[in-house]
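K.L.:
The primary structure of each chain is shown beneath.
There are 2 protein chains.
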Amino acid sequence: MIQFTQERQDEPGVTRRLFELSVGGETVPAALWTPEGAKGPRPLILMGHGGSQHKKTAGIVARARIYAKKFGYATLAIDAPGHGDRISREQAEAMARDVGARVTGQAPAGFTPERLKQMAQRTAQAVPEWKAALDAVLSLDFVGDDGRIGYWGVSMGTAIGVPFVAQEPRIKCAVFGLAGLRPGAAEFEAAARSITIPVEFVFQWDDAVAPREHGIALFEAFGSAEKTMHINPGGHMGIPPFEGASWERFYVRHLGTAETAAKALEPMATV
Amino acid sequence: MIQFTQERQDEPGVTRRLFELSVGGETVPAALWTPEGAKGPRPLILMGHGGSQHKKTAGIVARARIYAKKFGYATLAIDAPGHGDRISREQAEAMARDVGARVTGQAPAGFTPERLKQMAQRTAQAVPEWKAALDAVLSLDFVGDDGRIGYWGVSMGTAIGVPFVAQEPRIKCAVFGLAGLRPGAAEFEAAARSITIPVEFVFQWDDAVAPREHGIALFEAFGSAEKTMHINPGGHMGIPPFEGASWERFYVRHLGTAETAAKALEPMATV
Numbered sequence: 001m002i003q004f005t006q007e008r009q010d011e012p013g014v015t016r017r018l019f020e021l022s023v024g025g026e027t028v029p030a031a032l033w034t035p036e037g038a039k040g041p042r043p044l045i046l047m048g049h050g051g052s053q054h055k056k057t058a059g060i061v062a063r064a065r066i067y068a069k070k071f072g073y074a075t076l077a078i079d080a081p082g083h084g085d086r087i088s089r090e091q092a093e094a095m096a097r098d099v100g101a102r103v104t105g106q107a108p109a110g111f112t113p114e115r116l117k118q119m120a121q122r123t124a125q126a127v128p129e130w131k132a133a134l135d136a137v138l139s140l141d142f143v144g145d146d147g148r149i150g151y152w153g154v155s156m157g158t159a160i161g162v163p164f165v166a167q168e169p170r171i172k173c174a175v176f177g178l179a180g181l182r183p184g185a186a187e188f189e190a191a192a193r194s195i196t197i198p199v200e201f202v203f204q205w206d207d208a209v210a211p212r213e214h215g216i217a218l219f220e221a222f223g224s225a226e227k228t229m230h231i232n233p234g235g236h237m238g239i240p241p242f243e244g245a246s247w248e249r250f251y252v253r254h255l256g257t258a259e260t261a262a263k264a265l266e267p268m269a270t271v
Numbered sequence: 001m002i003q004f005t006q007e008r009q010d011e012p013g014v015t016r017r018l019f020e021l022s023v024g025g026e027t028v029p030a031a032l033w034t035p036e037g038a039k040g041p042r043p044l045i046l047m048g049h050g051g052s053q054h055k056k057t058a059g060i061v062a063r064a065r066i067y068a069k070k071f072g073y074a075t076l077a078i079d080a081p082g083h084g085d086r087i088s089r090e091q092a093e094a095m096a097r098d099v100g101a102r103v104t105g106q107a108p109a110g111f112t113p114e115r116l117k118q119m120a121q122r123t124a125q126a127v128p129e130w131k132a133a134l135d136a137v138l139s140l141d142f143v144g145d146d147g148r149i150g151y152w153g154v155s156m157g158t159a160i161g162v163p164f165v166a167q168e169p170r171i172k173c174a175v176f177g178l179a180g181l182r183p184g185a186a187e188f189e190a191a192a193r194s195i196t197i198p199v200e201f202v203f204q205w206d207d208a209v210a211p212r213e214h215g216i217a218l219f220e221a222f223g224s225a226e227k228t229m230h231i232n233p234g235g236h237m238g239i240p241p242f243e244g245a246s247w248e249r250f251y252v253r254h255l256g257t258a259e260t261a262a263k264a265l266e267p268m269a270t271v
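Protein sequences, first through last, are from chains D and R.
Under the UniProt record's numbering, the residue at position 57 of the first sequence is numbered 57, and the numbers go up by one with no gaps.
Under the UniProt record's numbering, the residue at position 60 of the second sequence is numbered 60, and the numbers go up by one with no gaps.
Hints should not be assumed to be uniformly reliable.
[Stated by the list, open to error] Quick list of in silico lysine-lysine cross-link-like pairs, DSSO-like style, CA-CA up to 27 angstroms:
1) Lys131/R / Lys70/D
2) Lys69/D / Lys263/R
3) Lys56/D / Lys131/D
4) Lys263/R / Lys117/R
5) Lys117/D / Lys263/D
6) Lys70/R / Lys117/R
7) Lys70/R / Lys69/D
8) Lys172/R / Lys70/R
9) Lys131/R / Lys69/R
10) Lys70/D / Lys56/D
11) Lys69/R / Lys172/R
12) Lys263/D / Lys69/R
13) Lys263/D / Lys56/D
14) Lys172/D / Lys56/D
15) Lys39/R / Lys56/R
16) Lys39/D / Lys117/D
17) Lys70/D / Lys39/R
18) Lys69/D / Lys172/D
19) Lys172/R / Lys70/D
20) Lys263/D / Lys172/R
21) Lys131/D / Lys39/D
[Claimed, not checked] The following label-pair restraints were derived from C-beta to C-beta distances:
22) Met1/R / Gly105/D: 56 to 62 angstroms
23) Gly238/R / Pro169/D: 47 to 53 angstroms
24) Pro113/R / Gly234/D: 51 to 57 angstroms
25) Ala107/R / Pro211/D: 51 to 57 angstroms
Hints are computed from structural coordinates only; laboratory data are not their basis.
Every residue, glycine too, gets a C-beta built ideally from N, C-alpha and C.
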């Protein structure tokens, strides 16, 4: 049973609720957006933020509001281990400077063995936290569980999201991106290969922290029959706005909306 | 002044007109789809068919009808040199068998020096034919010339379309695909590099006639600031239906519709 710590109008037509989960001795802060006055089951999108970001980072908030208003969706986000309200403001600012320098190429990408080990530990911790958060919100009667759950997460949201989605059969489609498959990352590769749901994979061709060949290797690893890689020029922070519109259509295609079921497209692409 | 050889209702709400152009001593058959009763200027899409296909090939017809009904667009298609009504039925059937065997990998891709020379000659002939066809339809008061012209062409439609679009400043955005940049194709590469309009480039990862590295090289060559490569698994004939829906949004984003101007997207992709 979720005890909400805050419930407020996020913007007209959208309600934002905050709550906390206790998972493995840790407190995990979570945020849930739904249409105002939502009743009954609806599609649910889980959004995993990027490194140094948090559950209420600007892009997640923007999408959660639009998804609620346009499609009647619920959106759930949680602070990843070592992020958001789980660290101090000073720690968050220092991390933002560090990550900012790396993703813009001003500092080395810095995937040292020590760092890779930290990332693996963070992912191992994050996966059961996501599962607990998902269990919790599916018990809410205004979210419900009618089998229409999608995942969205790029960069660290993919590093955590791929192992999570691989272990979570309730998720029906996923957007990943801004990440690659490094040689030797055997567990991550096995997780990607075991994913068979539809995937839209967005990749920046000049990403300072995800080399092209790693991005293509991750796309190739996904076990999905339906998977698309969208490559755009530019760096880690430069995903063009039309990709945001493409994600909307991807989710509506596979999950429908609160009011309508998912529906296959006409075979318009005949060439 | 165009003399139409046929004008008929293609399906309810859509008019199809046929006409012929005389270009360099050759007769070039053309087809034009518009909304029924169209008056005044509207966006125009030029559709270049694939090898062994023709101006009324199924995919072109399907898109032309939908574009007319949903967006009020005009669509123009012409038979490429050595295709459609420019050859006999027997020649067309033999070519369809030959191309079919190559694109499905049942026969070698067969880019011999002789074949590459033939392709270059065909392109050199096709470019002025496209220009003449475009000049002709822009003089029609129900198509008009308000500067909203897009190109669509994959496979041979890209082989011809890249040099054509490179030389045609009236075209404002283009969909290309199912083709690559072969080492040594200096003229084709120069044409791709000179293209700076928005490009959506669709590519099949297991294409028997367009190797992956050639596809990526062509994507990299485009001089456009806005260019996206969509990679999907499968062969030359397997572009998934949702790419057709993506093309619609690409054109509406850049050309608007008959009723509305093009409009920039909100920056929804913030991550």
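K.L.:
Could you grab the alpha-carbon distance between Lys39/R and Lys56/R and see if it respects the 27 angstroms cut-off?
P.N.:
It holds: about 24 angstroms lies between the C-alpha atoms, which stays within 27 angstroms.
K.L.:
Do the alpha carbons of Lys131/R and Lys70/D lie within 27 angstroms of each other, as the hint requires?
P.N.:
Violated: Lys131/R and Lys70/D sit about 42 angstroms apart, past 27 angstroms.
K.L.:
Would you mind confirming whether the straight-line C-alpha gap from Lys70/D to Lys56/D stays at or under 27 angstroms?
P.N.:
20 angstroms, holds
K.L.:
Sort out whether Lys263/D lies within 27 angstroms of Lys117/D, counting only the CA atoms.
P.N.:
42 angstroms, violated
K.L.:
Is the straight-line distance between the alpha-carbon of Lys69/D and that of Lys172/D 27 angstroms or less?
P.N.:
Given pair Lys69/D, Lys172/D holds - Cα atoms ~22 angstroms apart, limit 27 angstroms.
K.L.:
Straight-line Cα separation of Lys39/D and Lys117/D no greater than 27 angstroms?
P.N.:
With a Cα-Cα distance of about 43 angstroms, the restraint between Lys39/D and Lys117/D is violated, given a limit of 27 angstroms.
K.L.:
Check the hint pairing Lys263/R with Lys117/R against an upper bound of 27 angstroms on the C-alpha distance.
P.N.:
At roughly 42 angstroms apart (the allowed maximum being 27 angstroms), Lys117/R and Lys263/R break the hint.
K.L.:
Are Lys70/R and Lys117/R close enough, with their CA atoms no more than 27 angstroms apart?
P.N.:
41 angstroms, violated
K.L.:
Does the Cβ pair Met1/R, Gly105/D satisfy 56 to 62 angstroms?
P.N.:
Cβ of Met1/R to Cβ of Gly105/D: about 58 angstroms, so the range 56 to 62 angstroms holds.
K.L.:
Can the suggested window of 47 to 53 angstroms be confirmed for the beta-carbon pair Gly238/R and Pro169/D?
P.N.:
For Gly238/R and Pro169/D the Cβ distance comes to about 27 angstroms; the hint is violated.
K.L.:
Is the hinted range of 51 to 57 angstroms satisfied by the C-beta distance from Pro113/R to Gly234/D?
P.N.:
38 angstroms, violated
K.L.:
Is it true that Ala107/R and Pro211/D lie within 51 to 57 angstroms of each other by Cβ?
P.N.:
36 angstroms, violated
Checked against the numbered hints listed earlier, the structure breaks hints 1, 4, 5, 6, 13, 16, 17, 19, 20, 23, 24, 25; every other hint is satisfied.
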